[in-house]
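Listed below are the residues making up each chain.
8 protein chains.
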Amino acid sequence: MEAKVGIVMGSDSDLGVMEETAKVLKKYNIPFEMTVASAHRSPKRAGEFASTAKNRGIKVIIAGAGHAAHLAGAMAAYTTLPIIGVPIDSSAFQGLDALLATVQMPPGVPVATVAVGKPGARNAGILAVQMLALSDPVLADKLEENKVEMAAKVEEKAKKVEAYQ
Amino acid sequence: MEAKVGIVMGSDSDLGVMEETAKVLKKYNIPFEMTVASAHRSPKRAGEFASTAKNRGIKVIIAGAGHAAHLAGAMAAYTTLPIIGVPIDSSAFQGLDALLATVQMPPGVPVATVAVGKPGARNAGILAVQMLALSDPVLADKLEENKVEMAAKVEEKAKKVEAYQ
Amino acid sequence: MEAKVGIVMGSDSDLGVMEETAKVLKKYNIPFEMTVASAHRSPKRAGEFASTAKNRGIKVIIAGAGHAAHLAGAMAAYTTLPIIGVPIDSSAFQGLDALLATVQMPPGVPVATVAVGKPGARNAGILAVQMLALSDPVLADKLEENKVEMAAKVEEKAKKVEAYQ
Amino acid sequence: MEAKVGIVMGSDSDLGVMEETAKVLKKYNIPFEMTVASAHRSPKRAGEFASTAKNRGIKVIIAGAGHAAHLAGAMAAYTTLPIIGVPIDSSAFQGLDALLATVQMPPGVPVATVAVGKPGARNAGILAVQMLALSDPVLADKLEENKVEMAAKVEEKAKKVEAYQ
Amino acid sequence: MEAKVGIVMGSDSDLGVMEETAKVLKKYNIPFEMTVASAHRSPKRAGEFASTAKNRGIKVIIAGAGHAAHLAGAMAAYTTLPIIGVPIDSSAFQGLDALLATVQMPPGVPVATVAVGKPGARNAGILAVQMLALSDPVLADKLEENKVEMAAKVEEKAKKVEAYQ
Amino acid sequence: MEAKVGIVMGSDSDLGVMEETAKVLKKYNIPFEMTVASAHRSPKRAGEFASTAKNRGIKVIIAGAGHAAHLAGAMAAYTTLPIIGVPIDSSAFQGLDALLATVQMPPGVPVATVAVGKPGARNAGILAVQMLALSDPVLADKLEENKVEMAAKVEEKAKKVEAYQ
Amino acid sequence: MEAKVGIVMGSDSDLGVMEETAKVLKKYNIPFEMTVASAHRSPKRAGEFASTAKNRGIKVIIAGAGHAAHLAGAMAAYTTLPIIGVPIDSSAFQGLDALLATVQMPPGVPVATVAVGKPGARNAGILAVQMLALSDPVLADKLEENKVEMAAKVEEKAKKVEAYQ
Amino acid sequence: MEAKVGIVMGSDSDLGVMEETAKVLKKYNIPFEMTVASAHRSPKRAGEFASTAKNRGIKVIIAGAGHAAHLAGAMAAYTTLPIIGVPIDSSAFQGLDALLATVQMPPGVPVATVAVGKPGARNAGILAVQMLALSDPVLADKLEENKVEMAAKVEEKAKKVEAYQ
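Residue numbers (our numbering), protein chains in the order written: chain A, 1 to 165; chain B, 166 to 330; chain C, 331 to 495; chain D, 496 to 660; chain E, 661 to 825; chain F, 826 to 990; chain G, 991 to 1155; chain H, 1156 to 1320.
Hints in this document: simulated from the structure, not taken from any laboratory. Mixed in with the good hints, there may be bad ones.
[Stated by the list, open to error] Take a look, some chain A residues computed to stay more than 10 Å from chain E by CB distance:
#1 ARG56
#2 LEU96
#3 ASP136
#4 ASP141
#5 GLU145
#6 VAL148
#7 GLU156
#8 LYS159
#9 ALA163
[What the hints assert, rightly or not] Which residues of chain F face chain D? A partial, calculated answer using Cβ under 8 Å:
#10 GLY835
#11 LYS852
#12 PRO856
#13 ALA893
#14 HIS895
#15 PHE918
#16 MET930
We treat Cβ as the ideally placed atom computed from N, Cα and C, and that holds for glycine.
Take the sequences, apply the hints, and build the full model.
See the structure below:
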């Protein structure tokens, strides 16, 4: 099935974080492609990934990178598809560099930035589903169901804590 | 015409920043509604704005707030529509508090965060258009045109700088 | 016995920190309830916890959360009881995000914020006791006794260090 | 009438911030005393202010200071009354130094810290009222009324913003 | 005369900072070209500027940008010429975002980063001259002379301060 | 022999850091006393330690503490002896809180602050010796000798590195 | 009269801050010399200032600098006299760079660091006097008197604030 | 063969980081010398290393240091050769102190700063090669080849990630 979401990361060492995104998309049965492209080490590959994405049927691109994390911005430079950026905490600065390099985009070229690391990678997947659901009522219903489940899980956790003596 | 984007801000003092969002939506002829709701001072109003948005025809919510900026997160808690968060630099910490309070959402509840202040407000508008364009080819074309124009403007600016002696 | 303090945390994974609060309240024989509610995953549960607290006899609410820690602020939005916020260092930013998201509340909706992590959780318990002691002279005396004991413990520790060669 | 709240600040130059606290207390008709004491320049005065407060009838102490803001902690060292700390942004670090020096108290000696600067000073006043209201139902009702008014004001502000074209 | 240094900036609004670089190069009679290219708004222009630079005779590229400052990194991605990055403090974060986005490059793609703002822009010029002087003894001598002059100016300034009463 | 330097720390858990200070003083045969006093848990003990120090023959006080590290400032409040502050990285903020709380003293009450943790503790000892050496030529000579030794050790280390292949 | 304190600053533009130090020394009738030397622009001058200071009769060196403030460290490298460092907030980072570059000295080479900017400059003067007073009882008495006066001034300020309605 | 690059580090404990630089230079067959010199513990050795470098045939100096990392700046003070600074994360502040102390150089004395820690050390080597390649076409070709290889490696990594299920 044609991929609707493109996941791209700066290095294969980021896979441990970005597979959280993949898991979410699998859960929602969203076909996706996942690869490596570096804004700095393979700029043409990165540019092509972004500039051909729309024609490949991609609707949303999710880019995860650490350090001076330019990957999401590089995607945004080459396409008008919505780009989601996941800052990864792989440097000495625990992701502050990646967060600022991802979120502080200049006017005209937005990147939808999520939290640093695994929590952000998971949310990137959900955010992509939310975008796709804007024109897919079945997906939208599934999101609603999962929101209800999520609240239910909080109640389960609450019981554990309430049992604490 | 029915609003497709909801812009909400924590206080009317945030209008100076958030009107940048409104300008973008006007440029793209996207009908929008814009109001004030505070996650802390009027939590019910905020919750209702978010939980009724889908039925009102809203597709994307853009929330701008400063300080411990919970407004975008509060929207995300009450709806599965995509939420865009604009951190506003109205406190002593120049927006670092607003940025972290907006972007560092826990897994399950994403907020698409953009840059601090006016650049972010403008990008929030474009990001919303990008989401709507996923199912609106005319809008998608318009985004492409604007991207071309934007690159052209860079060339104009380049001429000014090249003339510098 | 009717609970006088409500302890709420964003996830059961925060229990390792928040049990420090529980220990303090037990030491002072303050009846308390402890549960999980998430400002983002179960906003209604969180809102109800806060808005019904006064009628349940709760005097003080203590909320512990990490990341974009909105839980204490969400409590403060729904009640006029004093709210104590414990920022938890569970993200890549070691609690700086949680601290700013908890303490930087806008005018009108205070959160009494304590230190990040376990030291803060313990102090949250003591601060709650101090508030209750305003109308309970026996409790006030007990706080004084403990303050004297605490100073005495410093002298014990001093002896250990003075013995260092 | 006997003061119930003690406001203390590190220097008279902090009055511009701390009068926000005074205004709140006046609004609620809470008698208060307000003075200057420095943890570093007049430590005995500071210690006496705190250690005699309870006998003077003071229920809550609010301390505002900038730089390495030790004043609130110094109050907490000398009394078991609840202490509210207001970090003031009077140094080159815009209040980050004052925030960390106020909130990061060691276990055993809590300071209820509020936001940096004027928003925090206002909230310090409300927090003090919330503590006093625990044993004063009339005050508790007044807090509820003000919370309703505050939400109403948000609606007024909303109208202004909704009128924006 | 053929340009030996390429100065590129993200926007014409950065000229106020980057003309400090130009002044240094003029002082050393280094022919240079100066233009605008945005890594995000005109990525192809930016890529071409870098990838054709060597053939145009350029030896060193100096890139100045603010916010999520990717321009220097984008240059480095397309050429093996040495790239000097000048972080510009044009955002709410006073250049911390630009500094981290410029300096924290991943292994394989260096950017020689200098200080934030005007002092960095001036040093970027000197650093470029130092690189060119490696194969130009006349230029090397001129750098030595200027170093001597600089020390002499310190002595002049010293006299002013020594005259202070 | 009468102690000339007073080492004080906020808790016996700081001994692992502060024994670095003690080792330096032993090396220089400076008699010292070392104890625990907390600015927050035993303020009177802390105040007395400082205010009686001069009469006990103490010339310099070295205070090490973590979190909202007020101990050095509390010493400085009670004596005109020079106070050296060692910020200890025992909180979630890795010593940034302790550094700012120690160094950002208001005008009139200086604290001579050294680096965070063990390097600072060692330097605190040397700084104290430097102060004592102002009126003790033998000690001054010993400092000079150690400076020469320190440079010699660098040469030894250099040999190791030079042997690296 | 032979200077006992050497004040050195990185540039004459730092005089506005460092004259606060001079004022304190004048008040205490401490003869001092004041000049400019840059660790980077005139390293030999800086090294000579430090290495000859002891023989010139200097007892304490006070060094003020901004940016990557190496001046105090450069002094400490060339002498065993106590060095006081004043970080100056003249860069985009408001003195955080100067503070860290001054205080984070490696083991063996201490710098007694004070607060950023004018408050620190004033405290640098007092700290120098405290060091000199270790062997000068008259100076020690004067420090005590000033400490008493300082506390008295707090009481004056207190009266102003107490008069606030 | 005569060394063309000088690698200097503040302590032998920095070798684990700086050998990344050495590996790069070996790969490119650039003869180099590597030693230890401390700006603070052996300032004369450091000054001599820098001031004699040009006559020894050195073209580029690479300096790695942690804490208040003055080593690169000290090199820059004594020579007009290009200096590359590698901030090392050996303190409690994870390299933020070293980064700011290295990069925030005052006008007139540039340091080409790279990323914190090992990624920066590797890039320092490449940057040095880029400078040498300005007058060495063989070296320039080798850099181009490696850039192509680097992009090829990204494609290998991409295959691994694309195989992820």
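These are the hints, each one checked on the structure:
Every C-beta of chain E lies more than 10 Å from that of ARG56(A), the closest at about 19 Å, which supports listing it as non-interface. LEU96(A), annotated as away from the interface, has a beta carbon of chain E within 10 Å; the closest lies near 7 Å. Non-interface status of ASP136(A) relative to chain E is upheld: no Cβ of that chain comes within 10 Å, the nearest being about 30 Å off. No beta-carbon of chain E comes within 10 Å of the beta-carbon of ASP141(A); the shortest separation is about 36 Å.
The non-interface label for GLU145(A) is consistent with chain E: the shortest C-beta to C-beta separation is roughly 36 Å, beyond 10 Å. Its beta-carbon lying about 37 Å from the closest one in chain E, VAL148(A) satisfies the requirement of being farther than 10 Å from that chain. With a minimum CB-CB distance of about 40 Å to chain E, GLU156(A) clears the 10 Å threshold, and the non-interface call stands. Here LYS159(A) stays apart from chain E, with its beta-carbon at least about 43 Å from theirs, past the 10 Å limit.
Its beta-carbon lying about 45 Å from the closest one in chain E, ALA163(A) satisfies the requirement of being farther than 10 Å from that chain. Because the smallest distance between the Cβ of GLY835(F) and any Cβ of chain D comes to about 7 Å, under 8 Å, the interface hint for this residue holds. With its C-beta approaching chain D no nearer than about 31 Å, LYS852(F) sits outside the 8 Å limit, and its interface hint is violated. For PRO856(F), the shortest C-beta to C-beta distance to chain D is roughly 28 Å, which exceeds 8 Å, and the interface hint is violated.
Checking ALA893(F) against chain D by beta carbon gives a least distance of about 4 Å; that is within 8 Å, so the hint holds. Because the smallest distance between the Cβ of HIS895(F) and any Cβ of chain D comes to about 4 Å, under 8 Å, the interface hint for this residue holds. Hint status for PHE918(F) relative to chain D: holds, with the closest Cβ pair at about 7 Å, below 8 Å. Interface hint status for MET930(F): upheld, as the beta-carbon distance to the closest one in chain D is roughly 5 Å, under 8 Å.
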